[in-house]
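Undergrad: Quick mapping for you: the protein sequence lines, in order, are chains A and B.
Its first residue numbered 5, the first sequence is counted upward by one per residue in the working numbering.
Its first residue numbered 5, the second sequence is counted upward by one per residue in the working numbering.
No wet-lab data here; the hints were simulated from the structure.
Warning: the hint list may mix true and false statements.
Which copy? The list can't say, so a pair holds if one copy fits it or any two copies do.
Below, simulated DSSO-like cross-link-like pairs (lysine-lysine); rule was C-alpha separation at most 30 Å, straight line [what the hints assert, rightly or not]: (1) Lys82 - Lys38; (2) Lys169 - Lys370; (3) Lys100 - Lys82; (4) Lys159 - Lys82; (5) Lys307 - Lys38; (6) Lys100 - Lys370; (7) Lys82 - Lys358; (8) Lys82 - Lys169; (9) Lys169 - Lys159; (10) Lys307 - Lys169.
As a plain string of letters, each chain reads:
Protein chains: 2
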Amino acid sequence: MSAAVTVEVGLGERAYDILIGPGLLGRAGVEIGKRLPGTRTAIVTDQNVAAAHLDTLTESLAASGVTPAVITLPPGEKTKSFDALQEVVDGVLAAKLERGDAVIALGGGVIGDLAGFAAGIVRRGMNFVQLPTSLLAQVDSSVGGKTGINSPRGKNLVGVFHQPKLVLADTAVLDTLPLREFRAGYAEVAKYGLIDRPRFFDWLENNWQDIFAGGPARIEAIAEACRAKADVVARDEFETGDRALLNLGHTFGHALEAATRYDSARLVHGEGVAIGMALAHRFSSRLNLASPDDAARVEAHLKAVGLPWRMADIPGELPNAEALLGFIAQDKKVQRGALTFILTRGIGQSFIAKDVPTSEVLSFLKENHPA
Amino acid sequence: MSAAVTVEVGLGERAYDILIGPGLLGRAGVEIGKRLPGTRTAIVTDQNVAAAHLDTLTESLAASGVTPAVITLPPGEKTKSFDALQEVVDGVLAAKLERGDAVIALGGGVIGDLAGFAAGIVRRGMNFVQLPTSLLAQVDSSVGGKTGINSPRGKNLVGVFHQPKLVLADTAVLDTLPLREFRAGYAEVAKYGLIDRPRFFDWLENNWQDIFAGGPARIEAIAEACRAKADVVARDEFETGDRALLNLGHTFGHALEAATRYDSARLVHGEGVAIGMALAHRFSSRLNLASPDDAARVEAHLKAVGLPWRMADIPGELPNAEALLGFIAQDKKVQRGALTFILTRGIGQSFIAKDVPTSEVLSFLKENHPA
Numbered sequence: 005m006s007a008a009v010t011v012e013v014g015l016g017e018r019a020y021d022i023l024i025g026p027g028l029l030g031r032a033g034v035e036i037g038k039r040l041p042g043t044r045t046a047i048v049t050d051q052n053v054a055a056a057h058l059d060t061l062t063e064s065l066a067a068s069g070v071t072p073a074v075i076t077l078p079p080g081e082k083t084k085s086f087d088a089l090q091e092v093v094d095g096v097l098a099a100k101l102e103r104g105d106a107v108i109a110l111g112g113g114v115i116g117d118l119a120g121f122a123a124g125i126v127r128r129g130m131n132f133v134q135l136p137t138s139l140l141a142q143v144d145s146s147v148g149g150k151t152g153i154n155s156p157r158g159k160n161l162v163g164v165f166h167q168p169k170l171v172l173a174d175t176a177v178l179d180t181l182p183l184r185e186f187r188a189g190y191a192e193v194a195k196y197g198l199i200d201r202p203r204f205f206d207w208l209e210n211n212w213q214d215i216f217a218g219g220p221a222r223i224e225a226i227a228e229a230c231r232a233k234a235d236v237v238a239r240d241e242f243e244t245g246d247r248a249l250l251n252l253g254h255t256f257g258h259a260l261e262a263a264t265r266y267d268s269a270r271l272v273h274g275e276g277v278a279i280g281m282a283l284a285h286r287f288s289s290r291l292n293l294a295s296p297d298d299a300a301r302v303e304a305h306l307k308a309v310g311l312p313w314r315m316a317d318i319p320g321e322l323p324n325a326e327a328l329l330g331f332i333a334q335d336k337k338v339q340r341g342a343l344t345f346i347l348t349r350g351i352g353q354s355f356i357a358k359d360v361p362t363s364e365v366l367s368f369l370k371e372n373h374p375a
Numbered sequence: 005m006s007a008a009v010t011v012e013v014g015l016g017e018r019a020y021d022i023l024i025g026p027g028l029l030g031r032a033g034v035e036i037g038k039r040l041p042g043t044r045t046a047i048v049t050d051q052n053v054a055a056a057h058l059d060t061l062t063e064s065l066a067a068s069g070v071t072p073a074v075i076t077l078p079p080g081e082k083t084k085s086f087d088a089l090q091e092v093v094d095g096v097l098a099a100k101l102e103r104g105d106a107v108i109a110l111g112g113g114v115i116g117d118l119a120g121f122a123a124g125i126v127r128r129g130m131n132f133v134q135l136p137t138s139l140l141a142q143v144d145s146s147v148g149g150k151t152g153i154n155s156p157r158g159k160n161l162v163g164v165f166h167q168p169k170l171v172l173a174d175t176a177v178l179d180t181l182p183l184r185e186f187r188a189g190y191a192e193v194a195k196y197g198l199i200d201r202p203r204f205f206d207w208l209e210n211n212w213q214d215i216f217a218g219g220p221a222r223i224e225a226i227a228e229a230c231r232a233k234a235d236v237v238a239r240d241e242f243e244t245g246d247r248a249l250l251n252l253g254h255t256f257g258h259a260l261e262a263a264t265r266y267d268s269a270r271l272v273h274g275e276g277v278a279i280g281m282a283l284a285h286r287f288s289s290r291l292n293l294a295s296p297d298d299a300a301r302v303e304a305h306l307k308a309v310g311l312p313w314r315m316a317d318i319p320g321e322l323p324n325a326e327a328l329l330g331f332i333a334q335d336k337k338v339q340r341g342a343l344t345f346i347l348t349r350g351i352g353q354s355f356i357a358k359d360v361p362t363s364e365v366l367s368f369l370k371e372n373h374p375a
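Chain A with its partners taken away, still in its complex shape (with noise of 0.2 Å):
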């Protein structure tokens, strides 16, 4: 028996349980079972994942006598497509499955997303099933059920809100990633800490290393993330308010993702939140509202974990800080014209910046920009 971890995400007839531990993936069979008894299933996955765990969680299921439907798509953030998702809806309904089966997802945030996305428009909505396999998807995209697709018109513009009925994150999955991409996801757990949790940032300070090398803390910060997230998604499901909280480091990130053109060799979108926050502290601090100190020590966590932290650590030029200024105006987190920051007054103690002014940013970006 593994040692997992249950993070409850509290949503009245929609809430689920999200388990988190090592070898999860091959305890799927029972764990669906159990909460799932009968159930039909069809995964979608990538050509990725597929080639290092399909057969782990396959076996697990026939184990349990389900034979899922496949639909394994091209890996990368293209497969947040429309003819991505009328393809994996196609595959679904050709599985025959109903409403009380489930759609599991397995892969990284890509995949849930998508995933999640049919399972939410099928016969109006099916059973889902999350099986993360990044440190990003664990602690973001597994937790609160948004889901999506892009348009050529912007990320995550089109999707539906649909909760899944379990989440696996089988942390040991994640020492098959890349070191930049675990980092990348790091900056998602750190982000809660900024958001409201002072206490969770000291600890990560002391014990980033032992959630790299895959010790016991690899879980209890997972686990930790999840709560947080749960917390907030708990008071705000549908983003109409606290929600937005999550946003640190998002609406800056974005921005920089759209202007190194979605490049991943220069830019992911962890890396792009973890500039992101950086600059969300140092702006609330020019703006007065927190202490540059509190700026300082975001910027030397991210830099003693590897991971990018000013403008300057992204690799060829970027536009002029007009042009930044555009591509945060176009960020859907615009209400009514008016643009909407995550601020802070110090570590963990972030809130949501209404009508902040246009010319503020302006001056910041020309102040940080590398050029």
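Since the structure of chain A is provided, determine the placement of chain B on it from the hints.
TA: Positioned in the frame of chain A, the structure of chain B alone reads:
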């Protein structure tokens, strides 16, 4: 001022009003402005409806200071496709609408289902306003939040539950409908009497001429049908139980629609429901659940208003009974292999019957087959 009747759909924080009366299209700007002040809008419509009613709507919105984007699609069931969905989603994003803005459906059930689905998935859910222009859409598809498109594998297999913020049912626009289409919509009005409102069915038997003629009974009939559906939906928003009662007549009806390859020259949805309701009553009588007098009464009323009521009323040849049973088994109302039917103990006494024996259905279809 029009004498509009208001029906409130009681869904807690998703509650909304249906306004029913003549001339509401010309009051759309005012009524939308009251409930969604400052909203921007995109109208989704089809070419036929646009020719008849788009100017009235855009002038009404303009008088309230709103300049809508307009997305016009080809008329007909083929528009409930992934391609059309993608076109609407892109049109709404191109208009740079935000979550708090509104997608307006101006048209019949196809446009309502498609536009509602798009509104449900753009930015994970935007405001949605329905202006149903057919009787069927006013009494059925505009109440209850079901949205969706068809798949090559079946009708309405892909969609979401997404409640509108407001429905404006302009009873005067129904005068522009072809009589056959009005009649088909009337079948769904009669359905509510047959489900659980026996006195409403009595009243319809005595007042149907005035409903067709456009007298005060038309407004009252639409309002009562909306109230009836709203009651069921409020009890079971996500169709886990009682809501299945709304499928009275639909299991046989869908099979007949599929058997005639959705050829509207032979059978439209409401006509399929009419025959399906008559068959459901006759089948219930054959199973000794209801009196044959009730089945005869249903058949007589459908015949009186000019609706088809038996398989022999469908022009052209039908597949044999075994093939019809195959279409029934393919229908999405099959749960884990068991046949579910809405049967009845008499007028206004319908109930959900699970595990109806296939052999009984087959014998019944053979006895009632025109060949």
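Undergrad: Now tell me if each hint is right for this structure.
TA: Hint check:
For a Cα distance limit of 30 Å, the shortest separation of lysine 82 from lysine 38 qualifies neither inside one copy, at 35 Å, nor across copies, at 42 Å. In this homomeric assembly, lysine 169 and lysine 370 never come within 30 Å of each other (Cα to Cα): the closest approach is 46 Å inside a single copy and 43 Å across copies. In this assembly of identical chains, lysine 100 and lysine 82 lie within 30 Å of each other by CA distance both inside one copy and across copies; the values are 27 Å within and 23 Å between. Taking the shortest Cα distances, lysine 159 and lysine 82 sit within 30 Å of each other both inside one copy (11 Å) and across copies (29 Å).
For the identical chains of this complex, lysine 307 and lysine 38 are neighbours neither inside a copy (43 Å) nor across copies (53 Å), given an alpha-carbon limit of 30 Å. Proximity of lysine 100 to lysine 370 under the C-alpha cut-off of 30 Å is restricted to the inter-copy arrangement: shortest distance 27 Å between copies versus 56 Å within a copy. In this assembly of identical chains, lysine 82 and lysine 358 lie within 30 Å of each other by CA distance neither inside one copy nor across copies; the values are 32 Å within and 44 Å between. When the C-alpha separation of lysine 82 and lysine 169 is checked against a cutoff of 30 Å, the pair qualifies only within one copy, where the shortest distance is 27 Å, while the shortest distance between copies is 34 Å.
Both within a single protomer and between protomers do lysine 169 and lysine 159 lie at most 30 Å apart by alpha-carbon distance, with minima of 25 Å and 26 Å respectively. For a Cα distance limit of 30 Å, the shortest separation of lysine 307 from lysine 169 qualifies neither inside one copy, at 37 Å, nor across copies, at 48 Å.
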